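Novice: Letter by letter, the chains look like this.
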Amino acid sequence: MTMMSATESATEPTRRDFLFIATGAAAAVGVIGALWPLVAQMNPDASTIAAGAPIEVDLSPIAEGQVIKVFWRSKPIFINHRTKKQITDAQDVDVAKLRDPQPDSARIKAGHEQWQVLIAICTHLGCIPLADQGPYDGYFCPCHGSVYDTSGRIRQGPAPLNLALPPYEFVSDTKIRIG
Amino acid sequence: MSAHATYQPRNAFMRWLERRLPIGGLVYSSFVVYPTPRNLNYWWTFGGILTFMLAVQILTGIVLAMHYMPHVDYAFDSVEHIMRDVNYGWLLRYAHANGASMFFLAAYIHVFRGMYYGSYKEPREVLWILGVIILILMIMTGFMGYVLPWGQMSFWAATVITNLFSAIPVVGEAIVTWLWGGYAVGEPTLNRFYALHYLLPFVIVGVVGLHIWALHVAGQNNPDGIEPQSEHDTVAFTPYATIKDSFLIIVFCLLFAWFVFYIPNFLGHPDNYIPANRSVTPAHIVPEWYYLPFYAILRAIPNKLLGVIALAASLVVLFFLPWLDTSRVRSARYRPVYRQFFWAFVVVCIGLGWLGSKPPEGNYVLFARIFTVYYFAYFLIILPVLGRVERTKPLPTSIAQAVLGTGLPIGAPAPPPSAHKA
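As given, the protein sequences belong to chains A and B, one line each in that order.
Read in order, the letters of the first sequence are residues 1 to 179 in this note's numbering.
Read in order, the letters of the second sequence are residues 1 to 422 in this note's numbering.
There's no promise every hint is true.
As the list claims (entries may be wrong) - For the chain B half of the interface with chain A, some residues (derived, Cβ under 8 Å), not all of them:
#1 59
#2 63
#3 66
#4 81
#5 85
#6 86
#7 87
#8 88
#9 89
#10 92
To be verified - Far from chain A, by Cβ distances over 10 Å, these chain B residues were calculated:
#11 107
#12 168
#13 179
#14 230
#15 251
#16 262
#17 270
#18 284
#19 319
No wet-lab data here; the hints were simulated from the structure.
Predicted model only: the values in this text are computed from it and were never measured.
Ideal Cβ placement from N, Cα and C applies to all residues, glycine included.
Here chain A stands alone, though its shape is the one from the complex (with noise of 0.2 Å):
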């Protein structure tokens, strides 16, 4: 006798089926917690992840108009002391009509409008902007031409969505930690 016979008859389930669902509901979580290993290393590892804590910047050195270049989990950030022209510029836009709708004031901390700190990838496909560039004086994608304004929000070309921000803060009016 066979133990893959099927019955036909709507019975009742048997022990031995029970038994069966039991032995392979319980094979089932062992292979998954055997293999979970196996997937989970692929995760970032301790250090990778202790490489990628905050990072404190000084914001002293940089003049006004000035754009710098640091990096936070391996990831450009452009820190852009903007000048009153490009914070004006940034301020008197029609949100409504942006593609991506963002008012500079959140993009900015209250208090620090001549602060822009944005990561330095475009949204299209990833490569850096260049700074300082394009017709609102904004950023530049070279790549395909993705233009942004001095709020780092997209306005012409392929890009969705506006220059992605970082989590920061300001430690003191000189000093901000990223991350």
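With the hints as your guide, set chain B onto chain A.
Specialist: Coordinates of chain B only, in the frame set by chain A:
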């Protein structure tokens, strides 16, 4: 043996696939309906265990390779990085290192099973030879893998084992230089060992495929050593052998898990946690436990070239076993005298292993020599002679008769029932 039932897929996709690539039918005939002798005991589950361990080693090895760096300046640190930083890296490393030990343990049990029950005899000679080839590939793979962490033992084991080839007259030194890729074990050696260590397991997979194919052509041996004569002598592989194999794989994994989680460094050598230093040789160089018997044979012979030849011969002699054993009777169950020599052989192998871990001095050397003599005498003198002079016990008429005592077909009424039904 041909399959008794042909694969009739009920699923429409399987019917479509079966016409184009009959892999469903292959699996069905090889592992579902495949006629399996009904008297197989648990020693027959080690083939399945070995397949499982091969898969474990390959999977853990590939994920370790994602983090390991095969450069003399980074190798040791990359292994520590795996142990400390990589998610579950400690588990993967211990599983791979202890997995190698478990792999060899299962392999030796599997070989001893073949020797006891005469599984190497006609018509399974090629099956046996393929198995010896797999064992040699395993030995090479394990050796190269042990070099990769670039600890003191890794480096000096590499130096000693590659130097073995210098015993070959005329071309020996050139071969050693060729193996090293330099004037000593170094960066080129480490790199090529990494490449080959990644390659050979897949070669093993190929030879295992041939091994299983050769097995299925001849059919499995069984503890009584007589061929199945009718359907009553066999059962379908699934569910009987499948469940029996799965059960012992799980028990084997308990032993494996015991090492990995509680004593992961027990089988290893602490000196391998010291980064390789080419100016200091450790006081006692020993290989891992699974190479110790061969190491003992090598050191037992006082002559360099003859020692190397003895080491090689201890493996090569296995190829000739089907022809060295002249007995017509397969299984040691029916060979009472052979059985005693066999168990003495097992004790000798374990003894050689223990002696290999000892320093080559005094009585250790004496006993290593005695045991080496027995090792070769077993194959070259005892087996050929015994086959001709031994009085064997009478064989059962069939497997069914040996198992059931009655030779009744499956499903026939049993002899008078006992107290209660199960």
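Novice: A separate judgement is required for each hint: does it hold in the structure or not?
Specialist: Here is how each hint holds up against the structure:
1. 59: holds (6 Å)
2. 63: For residue 63/B, the interface hint holds, since the closest Cβ of chain A sits about 5 Å away, which is under 8 Å.
3. 66: holds (7 Å)
4. 81: Cβ of residue 81/B sits 6 Å from chain A, so the hint holds.
5. 85: Holds - the Cβ of residue 85/B comes within 8 Å of chain A, reaching about 4 Å at its closest.
6. 86: holds (4 Å)
7. 87: holds (5 Å)
8. 88: holds (4 Å)
9. 89: For residue 89/B, the interface hint holds, since the closest Cβ of chain A sits about 6 Å away, which is under 8 Å.
10. 92: At 6 Å from the nearest chain A Cβ, residue 92/B passes the 8 Å test, so the hint holds.
11. 107: About 22 Å separates residue 107/B from the closest Cβ of chain A, which puts it past 10 Å; holds.
12. 168: Non-interface label on residue 168/B holds, nearest chain A Cβ at 42 Å vs cutoff 10 Å.
13. 179: Consistent with the label, residue 179/B stays out of reach of chain A, its closest Cβ about 32 Å off (over 10 Å).
14. 230: Since the minimum Cβ distance to chain A is about 19 Å, residue 230/B lies beyond 10 Å and the statement holds.
15. 251: For residue 251/B, whose nearest Cβ neighbour in chain A is about 14 Å away, the distance exceeds 10 Å, so it holds.
16. 262: Holds: least Cβ distance 17 Å, greater than 10 Å.
17. 270: About 25 Å separates residue 270/B from the closest Cβ of chain A, which puts it past 10 Å; holds.
18. 284: Non-interface label stands for residue 284/B: nearest chain A Cβ at 34 Å, farther than 10 Å.
19. 319: The claim stands: residue 319/B keeps its Cβ more than 10 Å from every Cβ of chain A (closest is about 37 Å).
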